[in-house]
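Spelled out from the first residue to the last, the chains are:
There are 4 protein chains.
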Amino acid sequence: MYEKINEQFASDNYSQICPEVLKKIIELNNDNALAYGNDYYTKYAADKLRELFETDCEIFFVFTGTAANSLSLAALCSSYHSIICTDVAHIETDECGAPEFFSNGSKLLLAEEKNGKLTPEDIIHLATKRTDIHYPKPKVISITQSTELGTVYTIEELKQIQKVAKEYNLYIQMDGARFANAVASLKCKPADITWKVGVDVLCFSGTKNGMAMGEVIVFFNKELAQDFDYRCKQAGQLASKMKFISAQWLGLLENDLWRKNATHANNMAKYFEEQISDIKNIKIKFPVESNSVFIEAPAQILEQLKQRDWIFYGFIGLGGGRFVFAWNTSKKRVDELVKDLKELSNS
Amino acid sequence: MYEKINEQFASDNYSQICPEVLKKIIELNNDNALAYGNDYYTKYAADKLRELFETDCEIFFVFTGTAANSLSLAALCSSYHSIICTDVAHIETDECGAPEFFSNGSKLLLAEEKNGKLTPEDIIHLATKRTDIHYPKPKVISITQSTELGTVYTIEELKQIQKVAKEYNLYIQMDGARFANAVASLKCKPADITWKVGVDVLCFSGTKNGMAMGEVIVFFNKELAQDFDYRCKQAGQLASKMKFISAQWLGLLENDLWRKNATHANNMAKYFEEQISDIKNIKIKFPVESNSVFIEAPAQILEQLKQRDWIFYGFIGLGGGRFVFAWNTSKKRVDELVKDLKELSNS
Amino acid sequence: MYEKINEQFASDNYSQICPEVLKKIIELNNDNALAYGNDYYTKYAADKLRELFETDCEIFFVFTGTAANSLSLAALCSSYHSIICTDVAHIETDECGAPEFFSNGSKLLLAEEKNGKLTPEDIIHLATKRTDIHYPKPKVISITQSTELGTVYTIEELKQIQKVAKEYNLYIQMDGARFANAVASLKCKPADITWKVGVDVLCFSGTKNGMAMGEVIVFFNKELAQDFDYRCKQAGQLASKMKFISAQWLGLLENDLWRKNATHANNMAKYFEEQISDIKNIKIKFPVESNSVFIEAPAQILEQLKQRDWIFYGFIGLGGGRFVFAWNTSKKRVDELVKDLKELSNS
Amino acid sequence: MYEKINEQFASDNYSQICPEVLKKIIELNNDNALAYGNDYYTKYAADKLRELFETDCEIFFVFTGTAANSLSLAALCSSYHSIICTDVAHIETDECGAPEFFSNGSKLLLAEEKNGKLTPEDIIHLATKRTDIHYPKPKVISITQSTELGTVYTIEELKQIQKVAKEYNLYIQMDGARFANAVASLKCKPADITWKVGVDVLCFSGTKNGMAMGEVIVFFNKELAQDFDYRCKQAGQLASKMKFISAQWLGLLENDLWRKNATHANNMAKYFEEQISDIKNIKIKFPVESNSVFIEAPAQILEQLKQRDWIFYGFIGLGGGRFVFAWNTSKKRVDELVKDLKELSNS
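First to last, the sequence lines map onto chains A, B, C and D.
Numbering follows numbering that gives the first Met the number 0, in which position 145 of the first sequence is assigned residue number 144; successive positions increment by one, without gaps.
Numbering follows numbering that gives the first Met the number 0, in which position 131 of the second sequence is assigned residue number 130; successive positions increment by one, without gaps.
Numbering follows numbering that gives the first Met the number 0, in which position 134 of the third sequence is assigned residue number 133; successive positions increment by one, without gaps.
Numbering follows numbering that gives the first Met the number 0, in which position 152 of the fourth sequence is assigned residue number 151; successive positions increment by one, without gaps.
Hints were generated in silico from the structure; no laboratory data involved.
Hints may contain errors.
[Stated by the list, open to error] Some, not all, of what chain D presents toward chain C, calculated at C-beta under 8 Å:
1) Ile4
2) Ser10
3) Leu21
4) Asn28
5) Ser69
6) Cys187
7) Ala190
8) Thr206
9) Phe227
10) Gln236
11) Ala238
Ideal placement from N, C-alpha and C gives every residue a C-beta, glycine not left out.
Between the sequences and the hints, there should be enough to build the whole structure, so can you do that?
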């Protein structure tokens with residue numbers, strides 16, 4: 000019954016709780032605290048996050064990235080508004096219609112991804128193609144940073160998007176499932192790629208970066224956060240023992256552990272990229288800028304990899320193979336994957 | 000900044016993670032596992048739950064009781080249907096309209112609680128008072144076991160409700176926030192007060208009984224569970240690292256720890272009831288049948304209790320004071336509360 | 000197959016299209032016009048309504064009172080907000096949960112009606128009884144003018160409500176299913192009992208007052224009307240041949256026909272009230288201030304009335320009998336009802 | 000203020016009420032009737048429709064095509080299900096997200112239209128491309144008959160779709176905004192292209208075919224219609240004076256007027272097609288099989304047409320010009336359009 004599996008690179012969702020975070024859970028378990036987020040840990044974690052982002056922002060803790068994205072989007076637009084994103088956006092491909100559900104009907108307007116990104120031109124096209132009452136009025140731009148294809152918007156690219164957003168009166172929501180990896184990649188500060196470039200709200204993931212579970216929604220545009228706590232409660236996203244989520248954040252924030260974890264993951268991706276760069280038949284599909292590597296390879300190589308008990312996803316709808324590296328990725332295990340890829344490629 | 004508070008009896012939501020559960024979290028953190036519930040722990044926990052309930056039922060893990068109740072209700076009725084419950088039901092008083100939200104409009108039809116319970120007469124009244132198209136058609140009975148007022152439906156009472164449900168073509172959903180306490184109180188088997196008496200779906204709480212977070216939805220009527228996993232995913236209730244929730248359940252289920260934890264909580268409530276039985280001015284408001292004690296006392300006694308840093312709720316809308324005991328309630332701390340109550344009563 | 004029924008007083012929904020309105024439908028059918036409300040009739044009707052209300056307001060035409068109420072409420076509050084109204088409010092008793100549906104979860108907080116009305120004390124009680132996050136935050140007061148029990152809020156009563164609304168930061172929505180009857184009863188101007196006393200949005204019925212179908216939503220608080228046309232479209236309430244609805248409004252507005260129709264209906268109610276005032280066993284239940292008369296009578300009298308093919312409703316949940324008079328009520332038919340009531344009472 | 004416009008071919012939504020229908024409205028206005036569809040007219044119209052479709056089906060009257068489509072789709076799928084349709088489907092392009100709203104989150108999966116149609120291959124592709132829990136499960140195929148591009152599915156094509164629907168366990172909903180035109184075009188019986196080829200529910204438009212307003216939803220799969228009347232009521236689509244809608248249907252159904260109206264419209268389209276067939280620069284974009292003609296022409300010709308006060312739409316997103324002919328299209332006016340097109344083409 001016990002299916003012990005080896006370390007895999009299917010997703011950073013497979014990663015464990017990192018020790019510093021686990022330690023925090025154990026520690027706080029000795030303290031009594033108030034429930035529903037009125038506890039010291041939650042207030043302290045919120046303050047540390049405000050420190051991290053260098054601005055006075057509204058902080059909310061929820062359980063999943065799907066909930067974080069959908070609730071923040073629902074706060075930004077009504078059911079008869081629409082959301083601009085790429086055709087590989089997680090909110091479109093992997094949330095089972097959660098944005099549509101939580102907003103009670105907002106439509107997603109899709110642009111073809113360009114290296115995983117939304118371009119200003121595409122945004123303008125979608126924002127202006129319909130202005131009549133029979134089509135939901137565009138209201139929000141949703142960008143994923145780092146993108147679903149592992150690339151990272153530069154500060155300049157974000158400024159271009161900010162410009163367009165301002166001109167067409169659109170909000171900017173940022174899906175930060177791998178936000179930490181983007182910050183680590185750009186070697187910048189969190190503020191540099193969020194509110195300083197016009198982002199209204201960020202969904203910042205902890206689950207992928209060393210926590211058991213937990214995402215934080217950061218509203219830079221505080222007006223949009225009005226009554227958002229009620230929204231979370233009604234959505235079943237208000238944890239009674241909130242301290243167990245916020246304490247995990249404290250663990251990640253201390254000593255910039257979140258950045259270290261993300262940096263390690265990025266480094267492993269880079270290392271993997273280098274190691275396979277000379278394997279014939281294997282092509283890197285997209286620039287490796289964060290912690291994911293997408294490869295194109297002949298079908299039978301991928302098949303045989305699976306037979307060797309490697310677990311990985313094709314790109315949703317795009318074929319090939321995706322390998323995601325995490326805070327706890329061991330170089331040893333990466334080498335094993337590289338070894339198998341080399342063998343299969345040569346056979 | 001650090002608000003250390005003493006052990007409180009405001010709610011079993013204040014309780015800690017019990018050691019066996021915490022141990023499981025630490026243990027499994029050493030294993031790799033698949034994500035989104037496809038892991039061994041989740042499958043094993045589901046099997047153990049099926050064992051516990053002695054029947055083949057569908058099992059789903061979600062984060063909060065609010066989500067559990069609302070999602071299960073939404074699976075049982077459409078937006079133009081209605082739900083029968085008491086006026087002190089948690090789904091009415093404390094979920095910020097979550098049932099209405101998740102069902103996209105189902106109305107709650109309220110009956111005055113009788114010692115916290117729904118009676119067959121009240122159900123019949125609500126089920127038949129309107130049969131025209133202008134009023135949402137009753138579809139579900141929602142009962143809380145143990146009730147919000149700390150009482151427990153007997154097996155006979157449940158059979159009466161089952162009879163009415165059958166006659167009026169209504170489903171039965173059970174809010175089991177304190178289900179463990181009810182089973183412990185009745186000294187019965189979980190099956191005896193669920194599917195054997197016609198309950199279609201149960202929301203069984205772990206959070207209140209020694210877990211960090213986690214509720215399980217148990218569908219005895221398997222038809223109603225069709226595509227329920229999609230519903231949970233769309234609702235942002237599908238944990239990517241599901242194993243951390245299911246592992247906690249494994250901790251609770253092993254050696255019937257769930258029952259022991261609940262029994263201890265009930266015992267502490269009984270102990271407290273006895274200890275204050277002779278204090279003048281303090282009246283026990285409802286029969287103490289699980290882990291809550293509701294007292295009626297002069298306002299200034301309650302006020303002074305608060306000044307002595309005791310934290311407790313009035314009944315939502317009913318005044319007085321509620322004390323809830325948990326798996327980790329220390330007799331010593333109960334004695335301190337009793338001592339203060341005696342002092343304040345005599346002064 | 001053809002069930003010809005005699006003139007009835009079950010509801011003003013049974014009334015016909017008044018001739019002036021029917022004439023307008025026939026007239027405009029000879030003109031070509033743009034669709035979806037971009038036609039001359041719709042713009043002209045909107046202007047006439049702004050004239051009638053003596054203010055610059057936003058006008059929207061929808062098909063039913065249920066839709067009008069629900070859409071306007073949804074524009075005023077989010078899913079986690081709540082709406083204060085009486086327990087006999089149409090939005091609670093007869094819209095099959097439409098307010099909950101269109102708002103995706105707003106709860107209705109009910110106060111016991113006092114002669115059909117909401118009192119400032121009750122509003123304050125409901126607005127303040129819960130301030131925590133677990134209960135939907137009150138956001139709107141919904142008052143029905145004329146009330147469901149046939150009474151009419153005086154200007155002074157409305158000012159009291161306005162005062163409370165301001166103090167507790169609540170919007171005021173007015174269900175004007177029988178608004179015309181209220182204006183006729185008070186012999187005032189529409190402005191006097193709407194925006195001048197703080198009403199943010201009014202749902203003004205045409206269907207009950209001589210039209211085939213059609214309601215108008217009047218936003219005095221124009222900010223709240225932002226993108227409301229999109230909301231109506233998404234809700235399936237945007238008529239493609241809108242001119243047929245707006246033209247009916249032109250018919251009603253010309254020469255103050257709406258007021259004449261309502262006055263006649265009120266007069267018939269008053270006449271009926273007088274005529275039955277001396278019948279033993281028949282009690283008038285509520286002050287007759289608009290076009291409805293609620294009587295209390297022994298069950299068998301009401302039963303026998305029905306056997307004489309009189310169709311009427313009991314009060315929803317309140318028993319007795321309700322008689323509603325319309326623009327086309329004939330005195331002759333009222334006399335027939337009075338005659339039967341006298342006979343049955345004496346027998 | 001009075002913008003009298005000439006007969007236009009922008010849409011059959013611009014058409015008037017045909018005389019037989021108007022006559023019915025006037026006639027029934029002399030009768031009293033019960034409200035909310037309990038009247039004789041509504042029952043009779045429902046029976047006539049069952050006669051027309053030669054089967055025992057459930058009939059519901061609503062106000063708009065948008066509501067008809069969305070409500071029927073919501074009855075067929077839950078929020079976490081998805082709907083397969085073309086990228087030019089009205090439910091996607093022109094209902095402002097109504098399907099998403101009424102279903103509380105169902106996603107539309109789009110296939111590229113092939114002459115306006117959905118092909119079996121495309122359906123299979125969309126039905127199978129994702130089978131995991133993170134994507135809404137396909138549940139319904141929505142086909143428009145006649146299509147938005149004026150083409151008509153043959154019986155054989157519908158049988159192919161039926162086959163696929165059965166194999167992949169999908170329902171079939173038919174948007175019949177121009178259903179009458181399809182039946183007229185195929186010279187078949189309504190049953191031949193609905194339930195006999197597996198259609199579960201049809202939305203049949205009256206508004207475009209000579210009525211003031213009114214659509215009927217026809218459930219051939221009666222199970223799916225359970226409690227659908229409650230759904231309509233909650234959605235604000237239950238007319239209190241329902242007889243005015245059903246009476247219009249009686250007018251259309253008598254003497255097959257619906258078919259004659261549609262045939263005339265189709266004939267005018269064919270006539271127009273012939274008349275412009277030899278104009279240089281004007282291309283017919285799609286086969287003319289019902290009452291719409293889509294032309295491709297140089298931009299300045301289209302511009303100048305508009306300057307000559309011709310009103311018409313480009314295809315939503317596709318450019319060009321669309322001309323739609325109705326029951327009351329006059330040959331004389333078509334000739335005027337042809338004349339202008341010829342002039343502008345030659346200049």
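Structure-based check of all given hints:
no. : hint   : verdict
1   : Ile4   : 5 Å, holds
2   : Ser10  : 6 Å, holds
3   : Leu21  : 6 Å, holds
4   : Asn28  : 5 Å, holds
5   : Ser69  : 6 Å, holds
6   : Cys187 : 27 Å, violated
7   : Ala190 : 23 Å, violated
8   : Thr206 : 6 Å, holds
9   : Phe227 : 12 Å, violated
10  : Gln236 : 7 Å, holds
11  : Ala238 : 6 Å, holds
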